[in-house]
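Go ahead and model the full structure; you've got the sequences and the hints to work with.
These protein sequence lines map, in sequence, to chains Y and E. Under the working numbering, residues 1 to 238 are what the first sequence spells out, in order. Under the working numbering, residues 1 to 238 are what the second sequence spells out, in order.
Some hints here could point you the wrong way.
Repeated chains share a single entry, so a pair holds when one copy, or any two copies, can fit it.
[To be verified] In silico DSS-like cross-links for lysine-lysine, where the CA-CA straight-line distance does not exceed 27 Å:
id	residue 1	residue 2
1	LYS139	LYS118
2	LYS118	LYS35
3	LYS58	LYS68
These aren't lab readings, by the way, just hints derived from the structure by calculation.
Number of protein chains: 2
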Amino acid sequence: MAREGIKACVFDVFGTVVDWRGSVTREGEALGRAKGITLDWEQFARDWRALYQPAMEKVRSGQMGFVKLDVLHRMNLDELLQRHGIDGLTEDEIDDFNRAWHRLDPWPDVVEGLTRLKSRHIIATLSNGNVALMVNMAKRAGMPWDTILGAEVARHYKPQPGAYLNAVDYLSLEPQEVLMVAAHNDDLVAATDCGLSTAFVARPNEYGPDQDRDFEAIHDFDYVATDFCDLADQLGCP
Amino acid sequence: MAREGIKACVFDVFGTVVDWRGSVTREGEALGRAKGITLDWEQFARDWRALYQPAMEKVRSGQMGFVKLDVLHRMNLDELLQRHGIDGLTEDEIDDFNRAWHRLDPWPDVVEGLTRLKSRHIIATLSNGNVALMVNMAKRAGMPWDTILGAEVARHYKPQPGAYLNAVDYLSLEPQEVLMVAAHNDDLVAATDCGLSTAFVARPNEYGPDQDRDFEAIHDFDYVATDFCDLADQLGCP
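Listed below in structure tokens is the structure:
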């Protein structure tokens, strides 16, 4: 337990802060209407996300040098478009759809909860998303981050230790002074292994019908909260 | 001229955004009262700042590996304390005084101007100050940065090109879409050489009686503004 000494809260973003599934589905449906493409866009969103970890693994394993998540998202999108035989999109249309990940909507408690947490703590992203993706997402949705940390400034994708320890170093804090907030048990276990404090916030609808894990904390994390406002309550943020 | 396509404004901080001289003088005077040290603290502040470029030059030249500005500030503070024969401070007191640079006050137009610029553009630091210094300064003063960029995430101190080009890359923009805002002609010339757009904002009282330059733009920058609110006017930010 590190309840007294938390100075910064750092956040996983995809799934924890934003509803990627609903948002990418919305963007896909809009594209489908505009271009006359009939697809199960919710399945498309989940398929796109399913290619996320394998793509990052190419970087983590050293098979590829570090590239921004935008680049990995685009590789994966090209693969999915080919899989579905979709070949009527211009380069600009594909690029814009790839930036759907810059336009994800937060869960309903996020902006209020972050604003409260910011009153007493540094709040920052610690996501595998790249800086521009995070900045654009935050500006669109009004997320009041103090700064953007994470994979791109660390040159390491989570759950590699460098991703967590680099954020701690940028903040010039001790690991236990930094609270990693995530909806994913494995992310928090990796943060724990680096000495960070941890908070689990369940997002049981992240994957919709496919969700088969992370309904609850299955390790002994420092905080378990129902949403960001509950976390603000627990941290004493008015 | 790049007036139509500016997507992000990035800012030099020491002197351009904050009054380091007045703020470090205030911190020195408070320390002097608490510890019974009689000194010309305004001269001390200017002497401390005078060691700034030579310290960074050790990193830029490769004589030292990259270290955070907090570390360089501390090296320089230790040198000045020794020069003045001040040996009655504890490690905690010296460390706290070194963090005076985290507690610098903005010029009066800054928070309003940044808030207006943020309504239409990404706003970020592009300072040689480290991430924690910038985050702590911003939280204390209410500066609403979208993110912190600059030397530490670039691993290059300005005016090395890597400092500017790395910020452009993190933002996933073209250089001309990024407007470098500074009170220093040489910073803006270096930014121009990297293809960035440029805005000069004079801070004629930065150095007080020692100031011998940067009273006006002496190159053909894209914008010349009297303060950040004037810059917001010129960029059409309500």
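Hints and how they fare:
1. LYS139 - LYS118: Both ways: LYS139 and LYS118 sit 16 Å apart in one copy and 9 Å across, limit 27 Å.
2. LYS118 - LYS35: neither (42 Å within a copy, 34 Å between copies)
3. LYS58 - LYS68: within (12 Å within a copy, 31 Å between copies)
In terms of the numbered hints stated before, the structure departs from hint 2 and from no other.
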